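Starting from the structure of chain P, add chain H where the hints point.
As a plain string of letters, each chain reads:
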Amino acid sequence: MTDTLTQSTTAEPHCVYAAKDFSSGAHPVWCPGCGDYGVLASLERALAKHGRPPHEVVMVSGIGCSSRLPGYMSTYGFHGVHGRGLAVGTGLKLTRPDLEVIVVGGDGDGYSIGGNHFIHACRRNVDMLYVVMDNRVYGMTKGQPSPTTEPDWDSEIAPGGIGLRPFNPLAVAIASGANYVARGFSGDPNGLADLIVDAIRWPGFAFIEVLSPCVTFRPEQMHWKKMVRPSSLSIEQDRAAATALVLGDDGFSLGVLYRGDRAPVAPPIKPQISVADVEREFALRA
Amino acid sequence: MARTSIAVVFAGSGGSGAMSAGAVLLRAAAHAGYYGLMTQLFGAQVRGGESASLVQVSIDPIESQPDRYDLFVALDWEKVEQFAAEIPLDEASVIIADPQAGTVPAGIAKSKGRVVPVSMSDPAATKLERGVQGRRVNMFAAGLVGALVGLNPSDLQAAAEAVFSDKGADIIAANAKGAAAGIAAAATLTLNARLDPPKPAARWLISGNQAIALGALRGGVRFVGCYPITPATDLVEWLAPHLTALGGRLVLGEDELASVNMTLGAAYGGTPAMTVTAGPGFSLMVETLGLAVAAEVPFVLVDVMRAGPSTGIASKTEQSDVNLAIYGAHGDAPRVVMAPISVADCITTAEYAVYVAESLQTPVIVLSDQALGQATTVIDPSDKRPPPLKRRLNGVAPATPFKRYAIGTDPVTPMPLPGTPGFEWVAEGLTHNEAGLPASGAGAHVAQINKRAKKIARFDPGPYWGETWGEGDTVVLAFGSTIGPAREAARRLAASGHQVRIVALRVLSPVPMEALARALSGARRIIVVEQNHGAQLYHHLIGQKAIPPSAESVARPGPLPFRPSEIASYVV
Numbered sequence: 068m069t070d071t072l073t074q075s076t077t078a079e080p081h082c083v084y085a086a087k088d089f090s091s092g093a094h095p096v097w098c099p100g101c102g103d104y105g106v107l108a109s110l111e112r113a114l115a116k117h118g119r120p121p122h123e124v125v126m127v128s129g130i131g132c133s134s135r136l137p138g139y140m141s142t143y144g145f146h147g148v149h150g151r152g153l154a155v156g157t158g159l160k161l162t163r164p165d166l167e168v169i170v171v172g173g174d175g176d177g178y179s180i181g182g183n184h185f186i187h188a189c190r191r192n193v194d195m196l197y198v199v200m201d202n203r204v205y206g207m208t209k210g211q212p213s214p215t216t217e218p219d220w221d222s223e224i225a226p227g228g229i230g231l232r233p234f235n236p237l238a239v240a241i242a243s244g245a246n247y248v249a250r251g252f253s254g255d256p257n258g259l260a261d262l263i264v265d266a267i268r269w270p271g272f273a274f275i276e277v278l279s280p281c282v283t284f285r286p287e288q289m290h291w292k293k294m295v296r297p298s299s300l301s302i303e304q305d306r307a308a309a310t311a312l313v314l315g316d317d318g319f320s321l322g323v324l325y326r327g328d329r330a331p332v333a334p335p336i337k338p339q340i341s342v343a344d345v346e347r348e349f350a351l352r353a
Numbered sequence: 002m003a004r005t006s007i008a009v010v011f012a013g014s015g016g017s018g019a020m021s022a023g024a025v026l027l028r029a030a031a032h033a034g035y036y037g038l039m040t041q042l043f044g045a046q047v048r049g050g051e052s053a054s055l056v057q058v059s060i061d062p063i064e065s066q067p068d069r070y071d072l073f074v075a076l077d078w079e080k081v082e083q084f085a086a087e088i089p090l091d092e093a094s095v096i097i098a099d100p101q102a103g104t105v106p107a108g109i110a111k112s113k114g115r116v117v118p119v120s121m122s123d124p125a126a127t128k129l130e131r132g133v134q135g136r137r138v139n140m141f142a143a144g145l146v147g148a149l150v151g152l153n154p155s156d157l158q159a160a161a162e163a164v165f166s167d168k169g170a171d172i173i174a175a176n177a178k179g180a181a182a183g184i185a186a187a188a189t190l191t192l193n194a195r196l197d198p199p200k201p202a203a204r205w206l207i208s209g210n211q212a213i214a215l216g217a218l219r220g221g222v223r224f225v226g227c228y229p230i231t232p233a234t235d236l237v238e239w240l241a242p243h244l245t246a247l248g249g250r251l252v253l254g255e256d257e258l259a260s261v262n263m264t265l266g267a268a269y270g271g272t273p274a275m276t277v278t279a280g281p282g283f284s285l286m287v288e289t290l291g292l293a294v295a296a297e298v299p300f301v302l303v304d305v306m307r308a309g310p311s312t313g314i315a316s317k318t319e320q321s322d323v324n325l326a327i328y329g330a331h332g333d334a335p336r337v338v339m340a341p342i343s344v345a346d347c348i349t350t351a352e353y354a355v356y357v358a359e360s361l362q363t364p365v366i367v368l369s370d371q372a373l374g375q376a377t378t379v380i381d382p383s384d385k386r387p388p389p390l391k392r393r394l395n396g397v398a399p400a401t402p403f404k405r406y407a408i409g410t411d412p413v414t415p416m417p418l419p420g421t422p423g424f425e426w427v428a429e430g431l432t433h434n435e436a437g438l439p440a441s442g443a444g445a446h447v448a449q450i451n452k453r454a455k456k457i458a459r460f461d462p463g464p465y466w467g468e469t470w471g472e473g474d475t476v477v478l479a480f481g482s483t484i485g486p487a488r489e490a491a492r493r494l495a496a497s498g499h500q501v502r503i504v505a506l507r508v509l510s511p512v513p514m515e516a517l518a519r520a521l522s523g524a525r526r527i528i529v530v531e532q533n534h535g536a537q538l539y540h541h542l543i544g545q546k547a548i549p550p551s552a553e554s555v556a557r558p559g560p561l562p563f564r565p566s567e568i569a570s571y572v573v
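Chains as they are written, first to last, in the numbering used here: chain P, 68 to 353; chain H, 2 to 573.
Here chain P stands alone, though its shape is the one from the complex (with noise of 0.2 Å):
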């Protein structure tokens, strides 16, 4: 690991910025007890930590319940459709470098209708950060298995069970090149806001996986508050012991999982030629 990687790029700002600073002051849509309080709440305080002001951060979503939060929020954004968040954060962030640029939305969003996109971006290493809200149910549509939920998971459109081995998406982002991968919960606003400011100033593509319990259709994901525990280890570079471990675990340890040192997209380069230049290619002699 290069000293460049394991120190921000930028000193600690002076900070100026309060979380209350990045709230819209938007009644949320989501249900009461739901865990993307915890996470927008964390977002709000990674981001007064991080110091740069509400209008140089652009939160992009998809569509669900997580991807209402960029209304939420008093920064700029984007609400799109399903599954597309992350497109339309890289074209945003390859273009303006100068924005702080975090996608966000569920595992429903991520995982499957946007589960193509995921491993591209992963593999582009644009950098960005890029936050999964995970209660392993399709909320907005009120109860269906999405790509995260256990397969014996009673619902109406699947009784008895899915009958499908869970996505893993953290060993697919380690995988597909992630920069850096981690785990939170919803339920520790803290531990999660500072897992969110160490992603924002790492390098290249950051995922964080977070634990977001759905009460309405998942109430038993309330006992998730009782099964997370700080992981016993953090693996730099190795993606293949990184794999093993996020493999291996039961789903329940926390924080960074995985570090890479993958360099980033480089930004445009400045222009070389004009567009009379160009135009000159096709010129035949007079």
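Hints were generated in silico from the structure; no laboratory data involved.
In this text the structure is predicted, and so the values were computed from the model without any measurement.
Treat each hint with caution, since some may be false.
[As the list claims (entries may be wrong)] Some but not every residue of chain H turned toward chain P, in silico, with C-beta under 7 Å:
(1) H32
(2) W205
(3) H243
(4) R250
(5) E255
(6) E288
(7) L292
(8) V427
[As the list claims (entries may be wrong)] Think about it this way: if two alpha-carbon atoms lie no more than 30 Å apart in a straight line, the pair counts; the simulated DSS-like pairs of lysine-lysine are:
(9) P:K293 <-> P:K209
(10) H:K200 <-> H:K385
(11) H:K404 <-> P:K116
(12) P:K87 <-> P:K292
(13) P:K337 <-> H:K391
(14) H:K404 <-> P:K87
(15) P:K337 <-> H:K385
Built from N, CA and C at the ideal position, the CB exists for glycine as well.
Just chain H now, with coordinates in the frame of chain P:
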């Protein structure tokens, strides 16, 4: 007797070099001062399928496929019969073929064209050697035809060098030798192929796809999200290094869903952005078209149309995405749809599309097609450019909250760039209120639908609505690659005393009602010509009451291009 134009086919199996032969002839003729147009005909196979370049050279501008070909040069006979039906020949056509390549196949011979045997390869070569050498006869063929039409050897050799500039010295030398042999062989033939002297001027050699790319660059596009798809791929391949050198970026997405959303993300950030695709990719992009309408984020979508539906014929042309472009998306999602009028106009239309998208904060679709996009042609470059229109960024003092989607007299509301303090707003695809927050009440829904509809309804393209030629009371109304053959048909009909007016629509939607009404004034007969089975443009115009119910429709699917004679024979 010399002639003013000639239409030549170089045909062979894929890999025979038919495209290179055509490119060399076209470039040499263009350098000499002739006009020219080359289109490509090939099957779906990457290698080993049928392949032909169709080249016209003339002392006058060419914007249409010919009715027939004067010269057919067979590089081999292996696959040629597969598209014999797409290359009209007749008894006046001359078929040049190597006797060693075998007999002329029935599909070509039935034209009764005169067969002229020319040994392009070594007659003593074994079958194996012929298999290898067969790949080299294309430059012989290009040299032969070039000399027959009267091009000088130095122009032909310079063109061969330009076409193969990325190849090694040995290949360039071998090609030069082949071309020289072809030039020498021309002296032994007596054919009526010689062209009148050209009228040289400062011109450009450009393809429709390159012209779209150039227009977009002129308009300020500095981000392109794309995914490979025939026949649009060569556009983005040409664009990629140029865009990078201009300080922009082209990103190859994982699919069209990604590429169009990346485009939208870049556009939201303030960079004029474009995505480039063909029908199947356009189908995938439709969900984001609706998002761009609702969130009022500008971008340009270029659809180089090909034969559909589904995968259709990837390499061949059709004008059958009109409905998708104008109406595709759930909900009420008005947008602007335009089509280039010619290869040269691809530059103007693409630049104009960027300005309209940016100034109206709306997606603009440019419907090109394979026949325009993959036509390489000599054009007279124009300095005339559409007046630049910019995105409206600010102009109001920050309110709390800032009302990005404010309802007022002007439906185009300021769209501050992210990074601007005090104007933080969320681009929102849900029905939203004026501040951009999701709202599901009737008031906000109707107000925002009206706002977006008003933007499009108020759009006045002015002189960029389209073009007209001629004064007759019979009108042929066309768009895209159908305009060229319609104009050629009108020229021929005028020569025989029938005046026909051509009305070419650039803006297909919203229909430029007043300009079109003026263009159609006094028309006794209106004929809408388009290349799709469903008469998509005709029904659009009828539906908008832009043409009377008495208007006639000539609508047939691709992939065969309209030929001037087909349109002329319908008119009279």
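Of the numbered hints stated previously, which ones are contradicted by the structure, given in increasing order? none
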